[in-house]
Amino acid sequence: MNSTRFTNFFVPVFAVLLGVIAGSIVMIVSGYNPIAGYSALLYGAFGDSYYIGETIRQTTPYILAGLAVAFAFRTGLFNIGVEGQLIVGWLASVWVGVSFDLPKVIHLPLAVLAAAAAGALWAFIPGFLKARFKVHEVIITIMMNYIALHVTNAIIRSVLSDKGFKSAKIHESASLQSEFLQSITDYSTLHYGIIIALIGAVVMWFLLEKTTKGYELRAVGFNQHASRYAGMNVPRNIILAMVISGAFAGVAGAMEGLGTFGNISVKAGFTGVGFDGIAVALIGSNNAFGIILSALLFGALKVGALEMPSSADVPTELVDIVIALIIFFVASSYLIRLLLSRFKKEGK
Amino acid sequence: MEYVIEMLNIRKVFGNFVANDNITLQVKKGEIHALLGENGAGKSTLMNVLFGLYQPDGGEIRVKGQPVKISNPNVANDLGIGMVHQHFMLVDTFTVTENIILGSEPTKGGKIDIKRAEQEVRELSERYGLAVDPTAKIANISVGMQQRVEILKTLYRGAEILIFDEPTAVLTPQEIQELIQIMRALVREGKSIILITHKLKEIMEVCDRVTVIRRGKGIGTLNVADTNPNELAALMVGREVHFKTDKRPAQPGKEVLEIKDLVVKDARGVTVVDHLNLTVRAGEIVGIAGVDGNGQTELVEAITGLIKAESGSIKLNGQDIFNLPPRKITEAGMGHIPQDRHKHGLVLDFPIGENMVLQTYYKEPYSKKGILNFKAIYEKARQLIAEFDVRTPDEYTQARALSGGNQQKAIIGREVDRNPDLLIAAQPTRGLDVGAIEFIHKRLIEQRDQGKAVLLVSFELDEVMNVSDRIAVIYEGKIVAIVDPKETTEQELGLLMAGSKRKEAGVSS
Chain A
1 MNSTRFTNFF VPVFAVLLGV IAGSIVMIVS GYNPIAGYSA LLYGAFGDSY YIGETIRQTT
61 PYILAGLAVA FAFRTGLFNI GVEGQLIVGW LASVWVGVSF DLPKVIHLPL AVLAAAAAGA
121 LWAFIPGFLK ARFKVHEVII TIMMNYIALH VTNAIIRSVL SDKGFKSAKI HESASLQSEF
181 LQSITDYSTL HYGIIIALIG AVVMWFLLEK TTKGYELRAV GFNQHASRYA GMNVPRNIIL
241 AMVISGAFAG VAGAMEGLGT FGNISVKAGF TGVGFDGIAV ALIGSNNAFG IILSALLFGA
301 LKVGALEMPS SADVPTELVD IVIALIIFFV ASSYLIRLLL SRFKKEGK
Chain B
1 MEYVIEMLNI RKVFGNFVAN DNITLQVKKG EIHALLGENG AGKSTLMNVL FGLYQPDGGE
61 IRVKGQPVKI SNPNVANDLG IGMVHQHFML VDTFTVTENI ILGSEPTKGG KIDIKRAEQE
121 VRELSERYGL AVDPTAKIAN ISVGMQQRVE ILKTLYRGAE ILIFDEPTAV LTPQEIQELI
181 QIMRALVREG KSIILITHKL KEIMEVCDRV TVIRRGKGIG TLNVADTNPN ELAALMVGRE
241 VHFKTDKRPA QPGKEVLEIK DLVVKDARGV TVVDHLNLTV RAGEIVGIAG VDGNGQTELV
301 EAITGLIKAE SGSIKLNGQD IFNLPPRKIT EAGMGHIPQD RHKHGLVLDF PIGENMVLQT
361 YYKEPYSKKG ILNFKAIYEK ARQLIAEFDV RTPDEYTQAR ALSGGNQQKA IIGREVDRNP
421 DLLIAAQPTR GLDVGAIEFI HKRLIEQRDQ GKAVLLVSFE LDEVMNVSDR IAVIYEGKIV
481 AIVDPKETTE QELGLLMAGS KRKEAGVSS
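Chains as they are written, first to last, in our numbering: chain A, 1 to 348; chain B, 1 to 509.
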């Protein structure tokens, strides 16, 4: 058991290292200085309090999107629809944020819950179709992403604005923004959402590992036949797994709606956060606390990359290449396991 | 006499585990040589070494006196070693011939010469009395026939030494007899056979010599003519084994399970259980004997609520459980040792400890208000592991990592511990070795002696005759006879199972 924990931790770490090394080769080949590039990246992510604030802010939705993917994965489902669930969650949170005028203790939780409910509803549909008609959730969730994108755009144009391109700002009582957090991070966009994301990780861990419902969900994810034999309601558990996963995704959307932006604009394409959530979950070994770390890695890479063109003349696209390489190495973890076992043998 | 295969002091180590500890196996030309050992004794490892799937860490392999290095299965093929796998490797939608030539297709002008291939397959089949139709589709032929296709595959590739890996595990009694004839024909034609098995009866019947291995060590090689099943079992397990399970006469009480006019259809809408009637009383074991595919699986799944029945009635302790969900049936007092322990019996990716509460996790003390109590769960697991002799490093080990026998013991422990009034055991000893079988039979009889009703479904006649107090013969979804195991013979049961009517009265219950 200890040795599996060991590999579960070290495989992603190794993959990240290999990704960084392969990334520097790409930089050298393309005529850039990798040391300067990575220094700029590191500075841009953690160099001063402003950058740290931005990195944590970027990490927040990644944590929740990663949790959403991982929760589904741990219960035997592949939720590619996190992106769509995130968008409808974003919309719902902003909608509640602009339409009501309530005390903060009610308004803010209500907006977050609305986002969770919207994401859950969006995920219920593929869950129901899978449980009832055995339609594969991957296909439905992909289609639901497009529906989410265009439906929210239509609602923003027709309901939340007068044929405009963005909604009004949410009321202060629904906002996650914090002057205190902004002031200690040199006026970054850091907001209270990170606390919600961390609570989300604890909730996922507790729900899956400590409760009877989590036991059922995991059992159904691993073996539907044995779960049926044991008297569990398999269809209901499939739907529930999707709904919980969607709720996490919806809350990820609320982080953008109530925290970072305070409104919602018409989108030309996907935010990408939901899709990155798949990679975050993968690198985090589908473990709640692993996901916090891998979301931080993603946040740092994305934010730090912005610094690369100005101080090292390295295009930001290179960071996308590094991320892709890291994912590649995690996915080919068999290779890393092989290397690790060779390494261990020789070490003996 | 010359040896065709010699494996001398073969050693194979996986990590810290010694799977083969200096085992020696010498096979003479034209003999049927049994390789006998418990599950996990190292039989498969040894054969995989011979077939080139594993490389030995020590020792030497000689084929016809020449030292060889078998680096992969192709080398084994070239040396004339063929393996008939336990799990067939056939393409369902291909014909017999297409499967046989797969990988070494004869061609004529760039096209597969199927006519010539069919002719060759037909000749081979006739020569060894296999009676295989070269043009039949795999999907349309019986399991026994599919096995013969596997045999033909090795012969087509020119195998001189055939390894049979547990070949009778999937066959009916009649098919086993036919296979024995085929093996004799092969040996007559000069082939040599290595038979991997843990069934002593088959060894006594068909083999010339037997090599016994136990826990990775070679125990010795004996002439079958000079030994007996008791000695072989003792060598294999390392202690005395009792075949005839001792039991007191049954003292049946009230009726626990009552099935009336039960009709079950399969997924295609074919009636597989046909107006079946059966009762099981407290304190007795009723064995259901029958050839696989006569409705046993569907009968058990309908009783346990895994599939919906069409009509009829099922009562447990007088309570109607017909088409109730599995949890209601479990709570009404039913225990179920499922036929397929990997599909239904266990969540293989869960620790063995969590598998021990698969039906009871939502009850106290294993959980309280929806929160699991792992202390209580693992305490129960430790108790069951000790009580039922489940050999596992610890209770946190994944169920997948356990051997089949230990997985089965874990399931039986879990089911018996819930103290059900009716215990349904479907193929409880499939694929297990004599030591584990003895243990499981004892536990079933123990349940009976405590006044529980036990329904045993098995394709092994020995098991049904040995353990049951009454035998119900199932044929085409009906119970065609109820017989007393003390007053019947294997021949009579075999005939009843094949559908012949019983002369005496009392055709149905």
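If you're looking for bench data, these hints aren't it; they were derived computationally from the structure.
Be aware that one or more of the hints could be misleading.
To be verified - Heads up, simulated SDA-like pairs for lysine to any residue below, C-alpha to C-alpha not over 20 Å straight-line: (1) B:368 / B:327; (2) B:343 / A:234; (3) B:201 / B:31; (4) B:308 / A:224; (5) A:210 / A:73; (6) A:210 / B:360; (7) B:478 / B:333; (8) B:363 / B:332; (9) B:380 / A:212; (10) B:199 / B:228; (11) A:213 / B:21; (12) A:210 / B:361; (13) B:343 / A:235; (14) B:369 / A:205; (15) B:29 / B:3; (16) B:69 / B:21.
As the list claims (entries may be wrong) - Anything over 12 Å on all C-beta distances counts as not near chain B; from chain A, calculated: (17) 24; (18) 39; (19) 129; (20) 157; (21) 206; (22) 209; (23) 214; (24) 222; (25) 229.
Remember, it's a predicted structure, so these values are computed and weren't measured experimentally.
C-beta: ideal position from N, C-alpha, C; glycine also.
Here's how the hints hold up against the structure:
With a C-alpha separation of about 19 Å, the suggested pairing of residue 368 (chain B) with residue 327 (chain B) holds against the 20 Å cut-off. For the hint pairing residue 343 (chain B) with residue 234 (chain A), the CA-to-CA distance comes to about 15 Å; that is within 20 Å, so the pair holds. Note on residue 201 (chain B) and residue 31 (chain B): the hinted pairing holds, with a Cα-Cα distance of about 17 Å set against a maximum of 20 Å. Proximity of residue 308 (chain B) to residue 224 (chain A) is assessed by CA-CA distance (about 17 Å); at most 20 Å being required, the pair is judged to hold.
The suggested pairing of residue 210 (chain A) with residue 73 (chain A) holds, with an alpha-carbon distance near 17 Å, which does not exceed 20 Å. Distance hint between residue 210 (chain A) and residue 360 (chain B) is fulfilled; the C-alpha atoms sit about 15 Å from each other, no more than 20 Å. A threshold of 20 Å between alpha carbons decides the hint, and for residue 478 (chain B) with residue 333 (chain B) the separation of about 25 Å lies outside it, so the pair is violated. With a C-alpha separation of about 15 Å, the suggested pairing of residue 363 (chain B) with residue 332 (chain B) holds against the 20 Å cut-off.
At roughly 17 Å between alpha-carbon atoms, residue 380 (chain B) and residue 212 (chain A) fall within 20 Å of each other, so this suggested pair holds. Restraint check for residue 199 (chain B) and residue 228 (chain B): the C-alpha separation of about 13 Å stays at or below 20 Å, so the hint holds. Taking the CA atoms of residue 213 (chain A) and residue 21 (chain B), the gap is near 47 Å; set against the 20 Å cutoff, the hint is violated. Annotation: proposed proximity of residue 210 (chain A) to residue 361 (chain B) holds, straight-line Cα distance about 12 Å (limit 20 Å).
Between residue 343 (chain B) and residue 235 (chain A), the direct Cα distance comes to roughly 18 Å. Compliance with the 20 Å bound is thereby established for this hinted pair. A C-alpha spacing of about 18 Å is found between residue 369 (chain B) and residue 205 (chain A), which places the hinted pair at or below 20 Å, so the restraint holds. Between residue 29 (chain B) and residue 3 (chain B) the alpha-carbon distance is near 6 Å, which keeps this suggested pair within the 20 Å criterion. Under the criterion of a C-alpha separation no larger than 20 Å, the hint pairing residue 69 (chain B) with residue 21 (chain B) is consistent with the structure, at around 19 Å.
Every CB of chain B is more than 12 Å from the CB of residue 24 (chain A) (nearest about 36 Å), matching its label as outside the interface. Residue-level check passed: residue 39 (chain A) sits 43 Å from the nearest beta carbon of chain B, beyond 12 Å. The claim that residue 129 (chain A) is not at the interface with chain B holds, since no C-beta of that chain comes within 12 Å of its own (minimum 21 Å). For residue 157 (chain A), the shortest C-beta to C-beta distance to chain B comes to about 44 Å, beyond the 12 Å cut-off, and the non-interface label holds.
With a least beta-carbon separation of about 9 Å from chain B, residue 206 (chain A) fails to lie farther than 12 Å from that chain, contradicting its non-interface assignment. Distance check on residue 209 (chain A): its Cβ comes as close as 8 Å (rounded) to a Cβ of chain B, failing to clear the 12 Å threshold; non-interface status is violated. For residue 214 (chain A), the non-interface assignment is contradicted: its Cβ lies about 8 Å from the closest Cβ of chain B, within the 12 Å cut-off. Non-interface call for residue 222 (chain A) relative to chain B: violated, since the shortest CB-CB distance, roughly 4 Å, does not exceed 12 Å.
A Cβ of chain B approaches the Cβ of residue 229 (chain A) within 12 Å, the least distance being about 4 Å, so the stated non-interface status is violated.
In this structure, the hints that do not hold are numbers 7, 11, 21, 22, 23, 24, 25, in rising order.
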